[in-house]
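A.B. asks: Mapping of the sequence shown onto the numbering used here: residues 1 to 255, in sequence order.
Note that these hints are calculated values from the structure, not bench results. For every residue, glycine included, the Cβ atom is placed at its ideal position computed from N, Cα and C. Please note: incorrect hints may appear among the correct ones.
Said to hold, decoys possible - In silico BS3-like cross-links for lysine-lysine, where the CA-CA straight-line distance does not exceed 25 Å:
| no. | residue 1 | residue 2 |
| --- | --- | --- |
| 1 | K58 | K48 |
| 2 | K179 | K164 |
| 3 | K14 | K164 |
| 4 | K253 | K14 |
What the hints assert, rightly or not - Just the calculated beta-carbon pair ranges, DEER-fashion:
| no. | residue 1 | residue 2 | range |
| --- | --- | --- | --- |
| 5 | A55 | Q78 | 32 to 40 Å |
| 6 | D79 | K48 | 45 to 53 Å |
| 7 | Q78 | Q195 | 18 to 26 Å |
| 8 | F66 | E22 | 13 to 21 Å |
| 9 | Q161 | F66 | 24 to 32 Å |
| 10 | P72 | R40 | 36 to 44 Å |
| 11 | Q15 | F66 | 32 to 40 Å |
| 12 | I191 | E231 | 17 to 25 Å |
| 13 | S84 | Q234 | 13 to 21 Å |
| 14 | S140 | S84 | 12 to 20 Å |
| 15 | F5 | R40 | 47 to 55 Å |
| 16 | R169 | K73 | 31 to 39 Å |
| 17 | T254 | L24 | 28 to 36 Å |
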Amino acid sequence: MNHSFTVYEQQIRKQLIGWEKELLKPPGMFEKTSRALQTRINQAIPEKVHTAITAAVKGIVQTALFSLDYIPKNEPLQDMSLASRDQKAEELIGFYKKLAAAEGAGTGAGGILLGLVDFPVLIGIKMKFLFELAHIYGHSTLDYRERLYILHVFQVAFSSQNKKPELYRAVVNWPQTVKTLPPEDSYAQHIDWRQLQQEYRDTIDFRKMLQLVPGIGSVVGAWANYGLLEELGQAGMNCYRRRWLDEAEEKSKTT
Numbered sequence: 001m002n003h004s005f006t007v008y009e010q011q012i013r014k015q016l017i018g019w020e021k022e023l024l025k026p027p028g029m030f031e032k033t034s035r036a037l038q039t040r041i042n043q044a045i046p047e048k049v050h051t052a053i054t055a056a057v058k059g060i061v062q063t064a065l066f067s068l069d070y071i072p073k074n075e076p077l078q079d080m081s082l083a084s085r086d087q088k089a090e091e092l093i094g095f096y097k098k099l100a101a102a103e104g105a106g107t108g109a110g111g112i113l114l115g116l117v118d119f120p121v122l123i124g125i126k127m128k129f130l131f132e133l134a135h136i137y138g139h140s141t142l143d144y145r146e147r148l149y150i151l152h153v154f155q156v157a158f159s160s161q162n163k164k165p166e167l168y169r170a171v172v173n174w175p176q177t178v179k180t181l182p183p184e185d186s187y188a189q190h191i192d193w194r195q196l197q198q199e200y201r202d203t204i205d206f207r208k209m210l211q212l213v214p215g216i217g218s219v220v221g222a223w224a225n226y227g228l229l230e231e232l233g234q235a236g237m238n239c240y241r242r243r244w245l246d247e248a249e250e251k252s253k254t255t
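Construct all of the structure, not just a fragment, from the sequences and the given hints.
C.D. replies: Shown next as structure tokens:
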């Protein structure tokens, strides 16, 4: 039989259609202009700064994927409605946005040196948020495949418009994507680290590089971090919503 969606679940499905359309639209003039401006900003930043940022991205992502450092102590939530999960997710997003903003304001006030410290700290905050979000929607991050799902969600949030469709297809078709994944002990060899780092840096550079400018770093740092967590929160929540709805419908067909 077909899954009987509640009114709330039907509303979320409709919202997801609109969000996905916006997510997957081709890059417009604003995106192209922003990319050109980002390139100019990048050229004004010392190469050693870029090297430090790149190393931070790779280090934090590797730690998240291949260690137990970010795994929440609480068990994944079971037997809970989508509405209840969404409520908990909204509370989690609110907490992490405030945390990221406070951290960004503190390091932004310190100029370029403390601004550099903010990059790995912010990535760590994002990863911890996604790990906790996974448990809210019932998925155990002890399973390395779930940690890879988190990486895909991270990339959906922080990749160029040209890359988002391919990444989002992998997320939506996760049961098929999982079948193509290599074993845990060799997965790191299959990650295109250069692409991952470059996409992430290019997506956040415009806001985060302004944080390194003396005099405005504190305000920009708080604004940038808050906005970046808001974007990640929306992408993460919607990916897990879509997965929950698809899995609920699939289960109903086999009962």
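A.B. asks: Decide, hint by hint, whether the structure agrees.
C.D. replies: Going down the list of hints, with the structure as the test:
{"no.": "1", "hint": "K58 x K48", "in the structure": "holds (15 Å)"}
{"no.": "2", "hint": "K179 x K164", "in the structure": "holds (21 Å)"}
{"no.": "3", "hint": "K14 x K164", "in the structure": "holds (20 Å)"}
{"no.": "4", "hint": "K253 x K14", "in the structure": "holds (21 Å)"}
{"no.": "5", "hint": "A55 x Q78: 32 to 40 Å", "in the structure": "holds (39 Å)"}
{"no.": "6", "hint": "D79 x K48: 45 to 53 Å", "in the structure": "holds (51 Å)"}
{"no.": "7", "hint": "Q78 x Q195: 18 to 26 Å", "in the structure": "violated (36 Å)"}
{"no.": "8", "hint": "F66 x E22: 13 to 21 Å", "in the structure": "violated (33 Å)"}
{"no.": "9", "hint": "Q161 x F66: 24 to 32 Å", "in the structure": "holds (29 Å)"}
{"no.": "10", "hint": "P72 x R40: 36 to 44 Å", "in the structure": "holds (41 Å)"}
{"no.": "11", "hint": "Q15 x F66: 32 to 40 Å", "in the structure": "holds (35 Å)"}
{"no.": "12", "hint": "I191 x E231: 17 to 25 Å", "in the structure": "holds (22 Å)"}
{"no.": "13", "hint": "S84 x Q234: 13 to 21 Å", "in the structure": "holds (19 Å)"}
{"no.": "14", "hint": "S140 x S84: 12 to 20 Å", "in the structure": "holds (18 Å)"}
{"no.": "15", "hint": "F5 x R40: 47 to 55 Å", "in the structure": "holds (48 Å)"}
{"no.": "16", "hint": "R169 x K73: 31 to 39 Å", "in the structure": "holds (33 Å)"}
{"no.": "17", "hint": "T254 x L24: 28 to 36 Å", "in the structure": "holds (30 Å)"}
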